[in-house]
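If you're matching them up, the sequences are chains A and B in order. The opening position of the first sequence corresponds to residue 896 in the numbering used here, with each subsequent residue numbered one higher. The opening position of the second sequence corresponds to residue 896 in the numbering used here, with each subsequent residue numbered one higher.
It cannot be assumed that every hint is accurate.
The calculated DMTMM-like cross-link candidates involving lysine to aspartate or glutamate, where the alpha carbons are at most 25 Å apart (straight line), are [what the hints assert, rightly or not]: (1) B:Lys1230 <-> A:Glu1232; (2) B:Lys1230 <-> A:Glu1198; (3) A:Lys1230 <-> B:Glu958; (4) A:Lys1053 <-> B:Glu1198; (5) A:Lys1120 <-> A:Asp1109; (6) B:Lys1032 <-> B:Asp1251; (7) A:Lys1230 <-> B:Asp1251; (8) B:Lys1120 <-> B:Glu1198; (9) B:Lys1230 <-> A:Asp1251; (10) B:Lys1053 <-> A:Glu1060; (11) A:Lys1120 <-> A:Glu1060; (12) A:Lys1230 <-> B:Glu1060.
The hints are simulated quantities; they were obtained by calculation from the structure and are not laboratory data.
2 protein chains.
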Amino acid sequence: MKRTLVARSIGALGLVAMLACQGAPPAEQAATGSPPANLTMFAALPDAPPPLAGNPMTPAKVELGKMLYFDPRLSRSWLISCNTCHNLALGGVDLEQTSIGHGWQRGPRNAPTVLNAVFNIAQFWDGRAKDLAEQAKGPLQASVEMSSSPDRVVETLKSIPEYVERFTAVFPDEADPVTFDNMAHAIEAFEATLLTPSRFDSYLRGDAQALAADEKAGLDLFVSKGCAGCHNGVNVGGSNYYPFGVVQKPGSDILPPGDKGRAAVTHSASDDYVFRAPTLRNVGITPPYFHSGVVWDLSDAVEVMGNAQLGMALTPDERTSIVTFLASLTGTQPKVEYPVLPTHTAATPRPVWQVDTAPSGQH
Amino acid sequence: MKRTLVARSIGALGLVAMLACQGAPPAEQAATGSPPANLTMFAALPDAPPPLAGNPMTPAKVELGKMLYFDPRLSRSWLISCNTCHNLALGGVDLEQTSIGHGWQRGPRNAPTVLNAVFNIAQFWDGRAKDLAEQAKGPLQASVEMSSSPDRVVETLKSIPEYVERFTAVFPDEADPVTFDNMAHAIEAFEATLLTPSRFDSYLRGDAQALAADEKAGLDLFVSKGCAGCHNGVNVGGSNYYPFGVVQKPGSDILPPGDKGRAAVTHSASDDYVFRAPTLRNVGITPPYFHSGVVWDLSDAVEVMGNAQLGMALTPDERTSIVTFLASLTGTQPKVEYPVLPTHTAATPRPVWQVDTAPSGQH
């Protein structure tokens, strides 16, 4: 039953992605050993981000992207930056049920972690942004998040001489380098560096001691119970879309009826309540859980998943064991030097505190 | 007229502080030269923070203080940290007219910079906190800022094992090291490290080439016009209290009649509209200006000061010259590695989004 439904929800693109994840082990694995034979549905985190489509990474671009990521002046209020909701001090999330944005408005969905997000098949819970560059443009404009606009952002960046210099250096072949697209490309380049290698990766690469016995037992359960049917690939999730409630829909507190997920993107009724499976990397430090963000305890979340996706009531011991394994997915967090941002000028659009538009936008 | 009024507003403590600033030059000056003879009302920024009263600094305490400074979970919403309003990417301020806090409420005063604040005579615009440790407790509890409470903060910290370990290591002689006071002491220790040496300091230490000719001309004007009557000492301000409007009260937009400043602290009518002179270090990057935060242009602020404090209409050229000098007070900003914060537990009080108390508190 489960397998059939899961297979149905995997589109052509998803299959390609999964095959890529399950193909020949990357060079890093070969170098240090082989993954356990039953774990080929996973892939160790590479040491470096993958090439970004149409966006070659350079150190200067990454540095510019870091500045933009932390710059609250990209928001209408000058108070909210990318880092506000995707806080690199807190596992790349805000630890809020759903994010708080401009005017203290709440967005409709829980903020997914930015860490390792470059390896997701697409961005947002409904996958409506094909990559991190496209994603970055969303919250900037969403009236319940940063509440700015492309024009305002570009006017802001062009008013700050150091930003103009940096964009010019980073995009040297462009006559007009300070654009909303280039801002997004720089942010994408920085975000792509935010990788968190974990002990699970060492284990996948053949270091049998990298996981403790109880973690290995939890991993065995994770695979044998079927969790890895959706949570697989390099991000232990993030690689495809699945109905929330493959077997049994959770309650309306966890699955609010008004948010139909991917159906709003594909306009297909068969995608009602379909969401991208989240990565489970760093899941132990990034509550609360689900797109609705209403479940704070990871064991509770595992219980919900067992019922909704697998049609089985996991025992308390099984849940504890799986949670023990999941903790091994908490990786080494990125080291980031906090940027010193360039000074604005009289031409920079001033902060606007007021809320003057109708809510829109979501993670 | 000006001198008389200024002298009147200097209390005994202030005199001691000023004398300390104008006393024998520190060792750093002697090592590299002597300050120009007419500049003895200033003092170069020391290389290290001064000893903190009752709060010996250690690297572990500074590191703990940095974590607390950046931890939004000290706020009721989990969204606001010290760094939100005193952003180290932005000169230690939020660049807002007045700060935005819990529930998107606005505080009544502009956020002063945390940079070099350890050298201020006292903290807040009205000096009601004697030091940075006392200051740190204010915004944490103010309902329009972080909206927490000592009990909630201590409960939060005690629920996070790594914080308990760190407090225990930093305050080893205490039976109950995780306290609101110790939190404040750790934050004070970190903040005391946030010093921004500038070219003006090199000049004071005898490097005649550290300032350009137009900056020296501006400095001469700054002294000869009387600006240095209040803006002196190591922080070029911050060392004492003065009426805003020594000669002529500015308009009610700049000096709102409802905020009587230090009078609320001393309960003396003679302190009506008396405020601590702000430091001018980094003034070029920390608009908007005055406790009311309504003036964005530094030249405009200098004009207001000329009229209100000196009773003179500075010419546009004079204002430009003074602003040119003030830019030399923008110092090298602190390098800070963004902290990775320890994970909360099930015992940690969850974020509260709602606004449920009457506004209180101000910078």
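Q) Which hint numbers does the structure go against, in order from smallest to largest? A) Violated: hints 2, 4, 7, 9, 10, 11.
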